[in-house]
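The task is simple: from the sequences and hints, build the whole structure.
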Amino acid sequence: MAAGPGELTLAPGPACPHGDWTLAHHARLRRRVDEAHRVRAEAPVDLAEIGALDTAGAALLAELTGAERLAGIDDWAPALPAERRALLRAVGEALTRCEAPARPRRHPLRGPLADIGQRVAGIAHQQKLLLGFIGQVLATLAATLLRPRRWRLTSVVAQVHQTGLDALPIVALLTFLVGAVVAFLGATVLSDFGATLYTVHLVAYAFLREFGVILAAILLAGRTASAFTAQLGAMKANEELDALRTLGLDPVELLVLPRVVALTISLPILTFVGMLSGILGGALVCLVALDISAVQFLAILERDIAVQHFLVGLGKAPLFAFVVAVIGCLEGFKVSGSAQSVGEHTTSSVVQSIFMVILLDAVAALFCMEMGW
Amino acid sequence: MSETRATPNEAPLIRVSDLENRFGRHVVHQGLDLALYPGEILGVVGGSGTGKSVLLRSIVGLLRPSAGRIEVFGEDLLSLEPQERSRLEQRFGVLFQRGALFSSLTLAENVALPLIEHAGLPRPEAESLARLKLALAGLPAQAAAQRPTELSGGMIKRAALARALALDPEVLFLDEPTAGLDPIGAAAFDRLLLTLRDALGLSVFLVTHDLDTLYTACDRVAVLARRRVLVADRLERVAATDDAWIRDYFHGPRGRSAREAAHATKES
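As given, the protein sequences belong to chains A and B, one line each in that order. For the first sequence, counting from 1, position 362 maps to 362 in the UniProt record's numbering; every step adds exactly one. For the second sequence, counting from 1, position 9 maps to 9 in the UniProt record's numbering; every step adds exactly one.
Please keep in mind that the hints were generated in silico from the structure rather than gathered at the bench. Beta carbons are placed, not taken as given, at the ideal position from N, Cα and C, and that holds for glycine. Possibly wrong hints are sitting among the right ones.
[Unchecked claim] Here are the in silico distance ranges between beta carbons for each label pair:
| no. | chain 1 | residue 1 | chain 2 | residue 2 | range |
| --- | --- | --- | --- | --- | --- |
| 1 | A | Arg150 | B | Leu78 | 51 to 61 Å |
| 2 | B | Gln146 | A | Arg119 | 17 to 27 Å |
| 3 | B | Glu117 | A | Trp76 | 34 to 44 Å |
| 4 | A | Gln340 | B | Ser48 | 26 to 36 Å |
| 5 | B | Ser152 | A | Gln136 | 25 to 35 Å |
| 6 | A | Ile134 | B | Ser86 | 16 to 26 Å |
| 7 | A | Arg150 | B | Gly31 | 30 to 40 Å |
| 8 | A | Asp250 | B | Arg64 | 42 to 52 Å |
Written out as structure tokens, the structure reads:
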């Protein structure tokens, strides 16, 4: 047999492939085969000169001779070694079974239109699902609340540790920095009116009512909602959720409820820390840039800022926590097994929970304004 | 089985010598020697936890052994540069226990991936070749467009075999390929393995618990026990070895029925 790279000689006489017909020479052999088109159905082909042969080479030979003819190799080339005939026969038979499926032709506008429709229907479906899931979680909560034996304290404490305690440093640092920035902004704008003293009010109002809770909630959405989705998603992909159900256990009670409860405990604590830390940042800027001493700062706080602002801010925390936890868990349940799906749903859970937190905060701000709180 | 294939006169493709694997204080292998010869199907058996999969992972380079030498195609795998290793590893095909198909790609894309990345084929070409490999592994034509999550265990095994065969490797590593298949599917897989070995001239390193596969497909059998290879030889000789575990394994009720079934098919 001839060694060297694969070649194809057409004339004169029978079509004669020779050399190594392997994957390494695929590009060139492809061109040769394309030039030759298909050898006429009955035209003789001499396969005896081929050196090394693999499935890629055999597939090209099949294009040359036609797959059916290759499958019947035993009839027309019995002189070839048995292994080679076995390979050619196997490839020929496989190819007769796998003709490439024809793609249906579609109107070019159909794709984008269908896409839009699908997305709208998807959003509607998602909201319905979310409401249903919230109902399910609340119903399970109500059923469990009256039976202390079914409270999963260990699980709740572990989750509070992970979602609350572990997040404390980052929440404190972030709110401290934002507090300093707000104070600087206030100092810059208010100095034009000679009212720099009101920087204290600005920082206190901002952090007690809005920034403390919303910064903590957004951090939690990024940090914890994604973790919930990934945890539950991996369990879903591994059929662990199905295993729980067949054991007669309720995944909502076992997995979702502890997470939701833990987050409604964690977020108020984080919010409180965020408020303190933000005001501390503001106080530091007041001290350094505006010569307002800490004593003076505290005196203004005590005199001018009513406790209701603190309560308004803190009151939103459990609501945000509930929404973040429920979205994180629901997206985890929607994972469908593939790695890509875990990624998609984790992204979606973060985006959705941040969106919902900001939306709810805007509604709450309007409501409080109308109520005069 | 052809008698000629099992004679270890040629230089081995893979030679493992004095291999040691330990995880902390847990020693899995110690002084393990094994060789794989060209064109043979080597069955590796052993109880659960004797490190069959660890051995496979050491040879294909996924796990760095604590000590010892692994020669592949005459080169020392552990001392090679990363690029050289990658070149050698392209001559391996590996089928993992649970398939390990990429779940975000269709089957055709799974098989086409190494063809595009390593052989540099254009995508349509690679995908048509991928469809051929899937058909060779015994999958129906419409399976090529499906994703791994939509498939049954048997089809996943076949698709994983097709991906292992994508680059026409010289050595095929199979980690329990028939585990989780029904007997008909498992028997078909054994036949497929023999056909492909004969057609493509593969050497196969087969980790298995399936006695039927050992009797129908394997040229030689290596028994892993007590941290090393107890014996590696033709099946009759391994089965005749005087060792408590081997006796229980090959002469227990399942071993007997598998042997009788294999004899019955040979005589008919």
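Structure-based check of each hint:
Range check, arginine 150 (chain A) to leucine 78 (chain B): about 55 Å between beta-carbon atoms, so the 51 to 61 Å window is met. The hinted window of 17 to 27 Å between glutamine 146 (chain B) and arginine 119 (chain A) holds, with their beta carbons roughly 24 Å apart. The hint said 34 to 44 Å for the Cβ distance between glutamate 117 (chain B) and tryptophan 76 (chain A), and at roughly 37 Å that hint holds. In this structure the supplied range 26 to 36 Å holds for glutamine 340 (chain A) paired with serine 48 (chain B), their Cβ-Cβ distance being about 33 Å.
Our hint of 25 to 35 Å for serine 152 (chain B) and glutamine 136 (chain A) holds, since their Cβ atoms are close to 32 Å apart. Against the hinted window of 16 to 26 Å, the Cβ-Cβ separation of isoleucine 134 (chain A) and serine 86 (chain B) comes to about 51 Å, which falls outside the hint. Checking the proposed 30 to 40 Å range against arginine 150 (chain A) and glycine 31 (chain B) shows it is violated: the Cβ atoms sit about 55 Å from each other. Between aspartate 250 (chain A) and arginine 64 (chain B) the beta carbon distance is about 45 Å. The supplied range of 42 to 52 Å therefore holds.
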